[in-house]
Amino acid sequence: MSKPKFAMYWSGSCGGCEIAVINIHEKILDVDANFEVAFWPVAVDAKVKDVEALADGDILLTLWNGSIRNEENEHMAHLLRRKSKLLVAFGSCATEGCVPGLANLSPLSEIIDTAYTTLTTDNPNNIRPQHVTKVPEGEISIPVLKDRVYTLAQVVDVDYFMPGCPPESHQIAAVIDLVIQVLQGKAELPPKGAVIGAGSSTVCEDCPRKRNVKSIKAFHRIQEIAPLDPELCILEQGIPCNGPATRSGCNARCPRVGAQCIGCYGPAEGVVDYGARLLTAFASVIDANEPEEIERILDGIPDPAGQFYRFNLADSLFRAGAPAFKN
Amino acid sequence: MSTNNGKPKVGVYVCHCGTNIAHTVDVEQVRDWAAQALGAEGVVIARDYKFMCSSPGQELIEKDIKELGLERVVVAACSPHLHEMTFRNASKRAGLNPYLTELASIREQVSWVHTDKGLATEKAKAVVAGAVERVVKNEPLDEIKVPIHPATLVVGGGITGIQAALEIANAGYKVYLVEREPSIGGHMAQFDKTFPTLDCAACILTPRMFETGMHPNIELLTWSEVTQVAGYVGNFTVTIKKKPRYLKEELCTGCRICVEKCPKKVIDHVYEAGIGYRKAIYTSSAQAVPKFPVIDTANCNFFQKGTCKVCEKSCPTNAIDYEQKEQFLKVDVGNIILATGYDLFDARRVSNYGYGRLANVFTSIEFERMCNAAGPTSGKIVLRDGQTTPKTVGIIHCVGSRDRNYNNYCSSICCMQSLKFAHLVKERTGATVYDFYIDMRTPMKSYDEFYQRVLEEGTLFVRGKVAQVSDAARNAQEEGKLIIQVEDTLVGKQRRIPVDMVILSTGMQPRHDAKEVGKLFGIGCSSDGWFTEKHAKLDPVATMTEGVLIAGTAAGPKDIPASVAQGSAAAARVLNLIMRHEVTLEPIKAIIKQWQCSGCRICNGLCPFNAISFRAERRVSEINPALCQGCGTCVAACPAGAISGSGFSNDQILAQIDGLLMDVNPVSA
Ligand SMILES: Cc1cc2nc3c(=O)[nH]c(=O)nc-3n(C[C@H](O)[C@H](O)[C@H](O)COP(=O)(O)OP(=O)(O)OC[C@H]3O[C@@H](n4cnc5c(N)ncnc54)[C@H](O)[C@@H]3O)c2cc1C
Ligand code: SF4
Ligand code: SF4
Ligand code: SF4
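For the protein sequence lines, the chains are Y and Z, in the order given. Note that my numbering has the first sequence beginning at 1, numbered continuously upward. Note that my numbering has the second sequence beginning at 1, numbered continuously upward.
The hints are simulated quantities; they were obtained by calculation from the structure and are not laboratory data. No false leads were slipped in.
Heads up, incomplete: computed chain Y residues facing chain Z, CB under 8 Å, no partners named:
hint, residue
1, Arg211
2, Gly270
3, Leu278
4, Thr280
5, Val285
Among chain Z residues calculated to face chain Y with C-beta under 7 Å, some are:
hint, residue
6, Ile602
7, Asn604
8, Ala636
9, Pro639
Just so you know, even glycine gets a beta-carbon here, dropped at the ideal spot from N, CA and C.
The whole structure should be built from the sequences, with the hints applied where relevant.
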């Protein structure tokens, strides 16, 4: 009997997710042993037309990493959705837009203008990329950018979500194990729409630091506090740590080594808007009553959009900042 | 039992509220729309009725629940504050869990705040849609019943608190009466005569004070304050700080020899309003209840300089104890009545009336003490020199009241208090009395008759707001006098009236610490600063915090009869609860899903009712359902989304928002 097919695709993202998959070391041999890799541009040589040739639903498992930035991404999402039984939004870009999603703070025209006019850009004719360009050999085309960055689930139906920037290798290994067990009839798939490869609580749960009733009088940047108390909750030391609002699954990697959590595992179970949750939590423990004083304390967070929506903007209730909508 | 799309069967009832709603909202249109457009959401019947809260209206609901098998009910009517209970009870009678019934406010939130009927009707539809989508997500909840502790805490021993305490104690239940001053009695104990009957304040108050002090069911805790309140209706635990009196109450006989012998005289700013003296060891008056003196350590020779001890030496029973420390008591009570009274407006703030600068300008409370036979002048009305009887006296109303620079409200007693003063001055000195008023307000029983009497006695009334009181004479007539500058609005002329003495009818103010006291007991203050009642008309002594009642001037300016009536009313409310033996608590509570809590402790310091605790062993937080009042503070704050408010879950709220935003017909503006 032929092995079930596996695919992995990379759209608007940095490539870290692919590396995280490779990082599962010898477990990758299990993938090879149990699956036939039908499509994985980074690792094996296969063409889009090979995928198109497959019957619908022929691929058992597709891990999709990356946001939907252009029409090619969207086209491929629809194609792989059709061809796959299980489509997994893999990593932060696919599940919630991640850092590429921060482009949603600006209108598209501004993004392109900025990219093609930086000081170090040599562009004397002030050229802008065109969808179709005539060359002596004929016409060539590049994909058109979409009005804003979308998450995978905003364009196609998604079966499972696996957060993380990138997902932790031990979590990937565990998920692959699970799928293999399901194939062998030893386990059952989680309900559709579930978040896999992560916990249900938040990073604080796994964080070994001591915590007290919180009361924050000022926010600092980490370089302003030296040395950091190695045992005390980082947030209680005035550094805006996103751990309380960020889904557990990473085993509190950053706080363990003295860096605040920046939120790459996204919102906890059932949370509608990550940034809003975190913001109310921070606001609740600010120890001040006067509006000016509160204002001053909040000014200690230099980049609110980055603090509260670094990974989550495209999937937030806003989806994008107002300028992006005015496109 | 369910409609075909799997949603529970919903009934929608749209109320006309007479014309209150129907005048601005097309009720029939909302009804028909709900039946059609909301069918997919589960609506199987929609009706309208003139008054849904009437018995036929409620029966409509009960009948449909029984006959159509409704599983959810939405009543589009007034606000939940008014009739949520009414309709929940109707559902309950028909066998439906009361928490499966929702009120959509189309009166307070729609008809009363809009004028355009078309737009208002569209908005009413959206509000109804929100309620329908929400109610579908409601879950049945069970009311929580808890026993009521039969003891009561009364805070404040003025006439209001005394009345409340006696009512409850006479019914056979225990009362703790906490008073911050050394004696009970409050402001009334300072007065001489009381309007409108002119009976002597002491004659009617002292017996009540005495009865309170002796009552077997009243534990009097004077010179004490409440420092902490925990718990909820029926089950409060209150911490009371008993300040040291520096004498052993069990030994003191109240003979007051120590007071007589004490060599240190101090101006008494509290009881004597700054115009009389007391000793460093003192009781506010000879009639004080309890009779035990206290030592004012800030002025006591021994505490300040280390020598003296005259009181210790003179005490026949060796009751003095300079080592005494403050004590903290914890008591369990089921209900709390706040009767903390009022502060007087500080007349210095109206600098153009010269109080504090011009010697012969007096405040109302100074004048009360002066009239009191047991007061500093033995009841003689004299100028600040202590001897000269005034020949002309001016009384000014509304000082600090009905004035946007100070307080907007009317203090309600100053007109009558001014008339009382006019009468007393006439009676005791024969002086010419001018009474300067803006409007004369004498609405209560026998008040206007009293006004007529004072008119007949020859007091000269000048209608106008006094601009200034000064001692800058312009002619020989004004020399050595206080000149009252006023526009006489009845004559339409500016007048300058020279007098010997001015009495400022200063009004009432909320206690300076009302806000903090309110916070301690979990109740709020109005923008003026008075404690807020649950309903200004229908529930004047209850507050939004169950089990905490307010009475007397703590809730706003009042005279003695009204204060006493409220003291009794609050007592009746308490007795009502005590007799029921148990109280039903709303099951609207927050719950922390233990598997989702990360133990971040963000929520730990937020609960206004101290219901959240951290379980260090398991590193999760937990809510005590008995303490939780369902305010939702922690639900909003929990970054892990681990806290859910039953009755207000995310699902319910988001569904309601969905409904509100559902595509109603485009409106033509
Ligand atoms: C000058 C003047 C003359 C008046 N003359 C009349 C009159 O002739 N006839 C009439 O009907 N009305 C008169 N009134 C109105 C009358 O004073 C009030 O209606 C009445 O005294 C209100 O009683 P009360 O118990 O509500 O408040 P209060 O008398 O103020 O008593 C409140 C008590 O609570 C205590 N207390 C306050 N805070 C705390 C706390 N946190 N803990 C413990 N204890 C606390 C206070 O020490 C005080 O003993 C007059 C008012 C004024 C200002
Ligand atoms: S009661 Fe009379 S004197 Fe007092 S504020 Fe009202 S109107 Fe003025
Ligand atoms: S805020 Fe939420 S996650 Fe944090 S301790 Fe409280 S319940 Fe737990
Ligand atoms: S909802 Fe939360 S904050 Fe409010 S009373 Fe309950 S436990 Fe306390």
